[in-house]
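One-letter residues, chain by chain:
There are 2 protein chains.
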Amino acid sequence: MTQPDAETADRTDPFAPWRGRFSLPEGIIYLDGNSLGALPRAVPERMARVVAEEWGRDLVTSWNKHDWIDLPGRVGDRIARLIGAAPGTVVAADSTSVNIFKLLAVALARRPGRKVILTEEDNFPTDVYIAGGLASLMGQGHEVRLAPAGGLAAAMDESVAVVLLTEVNYRTGARLDMRALTRRAHDAGALIVWDLCHSAGAMPVDLAGADADFAVGCGYKYLNGGPGAPAFAYVAPRHHDGLRQPLSGWLGHAAPFEFAAEYRPAAGVDALRTGTPPILSMSALDAALEVFDGVDLAGLKAKADALSDLFLGTVRAQIPDIVSLTPEAHELRGSQLNLRHHEAYAVMQALIARGVIGDFRQPDIMRFGFAPLYLSYFEVERAAMMLCQVIAGGEWDRPELKRRAKVV
Amino acid sequence: MTQPDAETADRTDPFAPWRGRFSLPEGIIYLDGNSLGALPRAVPERMARVVAEEWGRDLVTSWNKHDWIDLPGRVGDRIARLIGAAPGTVVAADSTSVNIFKLLAVALARRPGRKVILTEEDNFPTDVYIAGGLASLMGQGHEVRLAPAGGLAAAMDESVAVVLLTEVNYRTGARLDMRALTRRAHDAGALIVWDLCHSAGAMPVDLAGADADFAVGCGYKYLNGGPGAPAFAYVAPRHHDGLRQPLSGWLGHAAPFEFAAEYRPAAGVDALRTGTPPILSMSALDAALEVFDGVDLAGLKAKADALSDLFLGTVRAQIPDIVSLTPEAHELRGSQLNLRHHEAYAVMQALIARGVIGDFRQPDIMRFGFAPLYLSYFEVERAAMMLCQVIAGGEWDRPELKRRAKVV
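Protein chains in written order, with my numbering: chain A, 1225 to 1632; chain B, 1225 to 1632.
Read the hints as simulated data drawn from the structure, not as lab findings.
Which copy is meant is left open, so a pair is good if it fits within one copy or across any two.
Calculated lysine to aspartate or glutamate pairs in the EDC-like style (CA-CA distance at most 20 Å, straight line):
id	residue 1	residue 2
1	K1630	D1291
2	K1630	E1482
3	K1626	E1567
4	K1289	E1624
5	K1630	D1282
6	K1630	D1294
7	K1289	E1250
8	K1339	D1381
Given the structure is predicted, the values throughout are model-derived calculations rather than measurements.
Chain A on its own, in the form it takes in the complex (with noise of 0.2 Å):
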């Protein structure tokens, strides 16, 4: 690996600009932005005018006045150019999680004589846990089937309905090829569920190309939409005739306002809303998308692709045995570098009293996330050269470092 020389490539880094559309703090390096990304600038404005103009003057007549009712589906346009997906295919709505417990029982109900839900053993927690959740609540045989990354294509048989994989693993960095996952899961006869939080707004991700089902994903990571910001869903045109879930709330009926006593549920996408939105943070995600216009997803990947190859072969250069759990061959990773140390944590927290955020990940991982709208080359650089002196110098060996907080 030849190292780019940091200056030039900042110099020359067509999303350079970006950075100053961003509100960073002084003295910070921020390698943090794939678990909570940067406040772009946008956004106190547009909270400001949303609080003060659209709740307090305009109180209740916003509904129709801002278009509250649909601001998920405008959300969700906006993400589905992120994504490859059609407009009118993506709703913004609720958490990850609650997202992924619609579709799995969507799909599940599509696939009436299969009880397995497939995943991967090394799947995001959630992602498990509420399959688990579903398939305890379903109570007629339905389980949760576990197999390793490279088995997943083995464990696809006649049993499994549903597949449900996370394109990017948040603990390694490891992608998976979503297109022929996504082949062989219909070649056994399943649908394909794909979890996006470590893809979307990273790089490109071609939902409709790869043939996906289902996808869903968070708005608060590389989409910069704020702390716990709305999740996500897509669904396939071809899967929205008849789409109704479980969660079925009334912003998610045909016509929510004629308070009618059957559920009848609103036609494509709509059909996977549940209660009022909460309008203050989509409206916060809203703003921050508006950040990728005119962002090509190649080129972002590229970049990230050059800041992390530029951060470790930095820090080989002084730790020759530094062990990353990431691959490094850029098609088969995501924006971000997962390094091993046996006092990880202790020395992530060193590194943040240095001013370098990233994060430690059970047990003994750090994780280093390339946002490439706003990180620099030189910023990547010179974290990974304070890397190398927190960990040579022993800069982490002292017990309050060890102490963990309460959210590592």
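Using the hints provided, position chain B relative to the given structure of chain A.
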């Protein structure tokens, strides 16, 4: 009914100081706080701080630094005080609809031999829809049984697992007897879920005193938490042991940051948490709830009753045959008044054009909510007089007022 003198009543109103804690638009009389509560003045400053400092400056470290992780419990405790619940028995999460789903599932699991969810045929639609969605999903003979308000007690037989009732009806303002119906449900061996959407923050609610099992409610009506504010869920302490619900997302786990393979529910109401909460909307709700510090809820309801009596008395003085759907006895009603008119929608539009905001409910109902924290007797009397003018003058009889908006 004798009319209080509005001016005198305002002069001696113990809630007069609260008006200044809300930001209300000039020239508007807002009688729709039961649909979307007005903006508390504490909210814009808090939102600006959460966005700029907690999210923008402190980024992901805010989960610990500003204790975002326990915000749902802190907000829950603020709400607990308003609904007769002990600290640690309420959590803010998701929407009312989603929380109904969780609690009905919990209740059904605790009454395994019984298959019926009993609810009021006139309950708010989302309650009935969600019950139906859950019953269909479980598909083991579960069913939703509907009974008229007067026939609820009689419908509680040994087949009923859980009763789902809204304390104050959205269309009539009638209030059910929580204590008696809870006792009746328990006598029949059933559990009960109370929906407090039109009660919480409007009147004293005594969940513990009534021995209720579960409750839900929304944050955006009388709690003034902002459009689509997170909802809440209550679980009586006797049901905390082994509490487990099917939307078993990662933040309901006993140790979410261990990222364990097995789901192990958190203790108590934390097990009702599912995905990452919308922190911006949740923070607005938290700030809004400060308004209730020092509020005497019995006094609040007394003022609402007085406002409602004043409104109805003023209307009746000019339109003696106006039909009210709302019981007149204070103990039998909530804080809203529901009047009939064959062109209710157009009348309400004409009234809104004059600066009096109420809302319309199918098929012929004008709904006026009396939020005593920010309404004066003078305003309410004036609004009633304007309603009379609109009706008497036929001001509603214009085609453009009859064209329904998307949200009515």
